[in-house]
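Protein sequences, first through last, are from chains R and F. Start counting the first sequence at 3; every next residue gets the next number (the working numbering). Start counting the second sequence at 433; every next residue gets the next number (the working numbering).
Be aware that a few hints might be false.
Label-pair restraints from in silico Cβ distances [stated by the list, open to error]:
(1) R/Pro311 x F/Arg630: 38 to 46 Å
(2) R/Asn410 x F/Asp535: 15 to 23 Å
(3) F/Lys582 x R/Lys411: 52 to 60 Å
Please keep in mind that the hints were generated in silico from the structure rather than gathered at the bench. Even glycine gets a Cβ: it sits at the ideal position worked out from N, Cα and C.
Given next are the chains, with one letter for each unit.
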Amino acid sequence: MLFTSIADVPDSTLETDCCVIGAGPAGISCATELANRGKAVVLLEGGGLSAPDSRALDLYRGVVSGSRQYPLGPSRLRYFGGTSGHWGGWCRPLDPIDFSPKPHIPNSGWPIDHSILAPWYQDAHRWLQIDNPDYFDREFPEFFDDLLPAQHGVVTKYFRFSPPTRFGETYLSTVKEQSGLNCVLNATAVKLACASDGTVTSVTSRSLNGDELTVRARHFVVAMGGIENARFLLSCADQNESLPWRDLDWLGRGFMDHAGWPVGQVLARANLRYREFGESPDRVMPVLAIDEEILKSEKIINCCLMLRPVPKISGIDSDYALNPWVTKLTDQDEIAGYRASMIWEPSPCRTSRITLSDERDELGVRRLNLHWDFNPSDFEMLDAAISHLNRYLHLTHSGRLKLEKPVNKKTMAARIGNGWHHMGTTRMSASAESGVVDENCRIHRSPNVYVAGSSVFPSVGFSNPTLTITALSCRLAAHIAGSKGTT
Amino acid sequence: MKLGRRNFTSGLVVGGATVGAASTVYQYLSRRPRAPRDLLVSVASQMQGIHGFYKADPSWNPASAIETENRLLERLEAIPGAFDSEEMLVTTLQAIMHAEIKDGKTSVLNQLVLSQTEADLILLAILYAPAAKNVTTTDNAKNEFAVNPKFGPRNTVVGQVFNEQPDGHGGIWVVTDKALPATTKIEFAGQAIKTTWRSNVVTGAVYGDLLNKVISTTGEYEVALLNTETGGRQVIGSMEIQKRPPPAITEDGEDSTVFCEIGRVQMGQLDDKSILTIKTRCAPRGARILIGDSSIETKFNHSAITADLTDIVSSNAENPWRLFDPISGDTIILPALN
């Protein structure tokens with residue numbers, strides 16, 4: 003059942019098994035899966051069914067500090083369906099190495115390995131309407147001849163594409179009709195109440211009209227987005243000293259976004275297919291990536307290189323690339339230029355964090371400060387990655403790399419891009435000292451509060467997060483449904 | 433192994449830089465065995481797309497390119513078999529490039545990340561593969577960018593550095609009626625040379641091995657202007673290296689190794705100065721006139737040695753005058769004043 007406002011809810015207090023806070027991809031998939039497994043669920047969403055007005059949008063206002071600006075407003079969507087309303091549909095699972103701790107990247111790795119999450123990726127593909135989840139891990143695809151060789155520690159990896167699934171449109175009827183699931187819109191969670199042992203007993207939500215709804219539940223799932231998750235948990239702990247995560251050092255820390263870097267141009271043979279092509283459900287996009295063994299041995303961050311053909315390259319570049327030690331070509335081949343862009347994973351950075359400001363929004367919640375930062379070693383690792391890809395182009399006679407800018411802290415600060423992927427602020431860890439949630443996404447020291455979404459990613463690889471977010475949500479739903487704990 | 437898509441010839445004649453198929457330079461080079469340097473030059477000459485690199489290295493000049501050449505040669509000569517053939521040389525260069533890339537020994541040239549040897553080869557190729565090779569010349573109007581160009585020197589003799597500058601390099605100048613593009617370079621003997629631009633005047637410097645090659649035998653070398661921005665190229669004439677006159681005879685009765693036969697010797701007045709002029713086609717830098725105990729410095733300007741004797745002549749008129757080269761020790765007794 004769907005309530006478009008708190009005023010429509012018959013009672014001021016709801017009792018349920020699980021309360022899921024936030025109706026983006028994580029919240030909708032988790033709530034629906036929980037209801038599918040027989041749980042009574044209340045799904046709270048701060049926004050409505052469409053884009054918010056300026057008054058509601060102001061609830062997201064915050065302050066960004068650090069050397070780079072971050073689009074706090076545009077990168078988030080405050081309505082039913084969340085940021086799936088503007089995502090591009092890029093999907094691929096995280097790589098196995100993304101789950102492994104890497105000695106050259108402090109605080110890297112997950113407390114679970116890839117195999118734990120692998121089965122849940124199947125469910126995630128279903129949620130994201132991807133009918134062909136083949137990432138060619140074992141067999142070369144038919145178009146292999148149009149790709150560069152897998153040699154010298156460089157391989158081709160693949161993205162698949164969701165239509166993209168707009169959760170708000172696609173799953174509205176599902177949420178409405180799902181037995182055991184009640185969704186309340188325009189109900190922003192503002193505080194949590196807990197028992198003396200730290201067990202959270204209820205969440206209070208408010209509307210801008212002044213209405214208030216309390217939901218009492220056995221389990222709570224915070225799924226408000228990678229930024230808002232941390233803000234909400236920090237804010238609740240600020241109001242309630244009994245909440246057990248109050249002293250978790252990593253809460254709010256480790257904010258990451260997939261960083262984009264305009265490497266420059268690759269001169270190589272024409273007609274390479276490092277671009278999105280094919281029709282749904284077979285749409286695919288190959289990218290160049292660095293082999294996992296090389297990532298470890300050369301101490302490189304995980305990254306991929308996308309090559310987009312440029313309309314025209316200079317005759318000079320074309321002529322030079324025809325030299326026999328540059329490219330192995332026959333007389334029939336042509337040289338083309340490809341715009342080379344890199345997506346790379348930032349390393350977890352303690353100083354990149356969300357904190358609360360003294361100013362409060364209209365609902366009384368303290369606003370956020372975002373300090374977006376990078377570990378200096380990231381730039382060295384990025385440089386190493388570019389060097390390795392350049393080495394590969396040379397050694398395979400595939401072409402030459404033409405740098406747009408040197409990689410250093412100054413150029414990075416000026417030109418680094420972002421993917422609007424908010425990750426890491428409630429990171430998963432084996433212990434309360436090194437993160438915020440445990441391997442089941444339950445907040446350390448809390449008996450019954452879980453976090454869903456990319457804020458739990460302790461390491462982020464280069465894959466877009468939505469597929470992994472959804473896989474984790476499906477897994478979390480199954481865990482809660484099967485959990486004996488406090489149920 | 434296929435080396436490229438353009439046939440090539442050997443050494444300095446690549447790109448039709450010399451005038452006429454019977455160029456003495458070509459003969460000079462072609463009768464030499466395929467020495468390591470020739471092979472390296474040949475390989476460098478075949479590189480394509482080189483003109484894009486003219487502005488890539490601000491420190492590039494012919495002298496530095498020759499240093500690069502020597503460094504490459506030294507390195508390659510240490511590798512057995514590298515110079516057995518052109519194919520072997522290419523294979524060896526590729527192996528070196530691979531090794532350097534693996535070791536991270538790279539240079540950035542024109543924004544391209546290259547192995548150091550590849551970058552060296554490009555700098556060398558600039559010397560031996562003139563821009564004109566890769567420039568489309570269909571747009572004649574565009575190529576005629578210099579208005580009424582005049583240039584010099586137009587000749588010298590074998591062994592004599594033309595328009596010799598204080599550091600020993602040969603200078604070429606070009607003057608036009610209207611300002612030239614700041615991207616103008618002088619091309620000489622088929623190679624773009626280090627060029628200094630001053631509006632309607634450009635001067636070029638010819639150094640080291642290139643200079644030595646050019647003046648080592650008679651020949652005629654094209655002088656052209658290149659607009660490295662547009663690829664325009666305008667031939668403005670040629671410089672002739674003429675047969676060297678017979679040597680002068682030293683006071684010991686031997687052939688001089690540095691002075692050619694001496695023609696007329698005369699005194700003249702110029703701006704209240706007494707100038708001695710000795711007609712000759714060759715003279716070493718630093719030659720001096722010895723009059724009694726006085727040693728007077730000289731200048732050589734293409735066809736004559738000159739010296740300012742304003743304060744000397746009157747007190748030493750009775751003593752024999754000599755022309756002396758401090759380096760070789762050659763001393764020539766000058767004939768009587770005409």
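Checked hints:
no.: 1; hint: R/Pro311 x F/Arg630: 38 to 46 Å; verdict: 44 Å, holds
no.: 2; hint: R/Asn410 x F/Asp535: 15 to 23 Å; verdict: 22 Å, holds
no.: 3; hint: F/Lys582 x R/Lys411: 52 to 60 Å; verdict: 53 Å, holds
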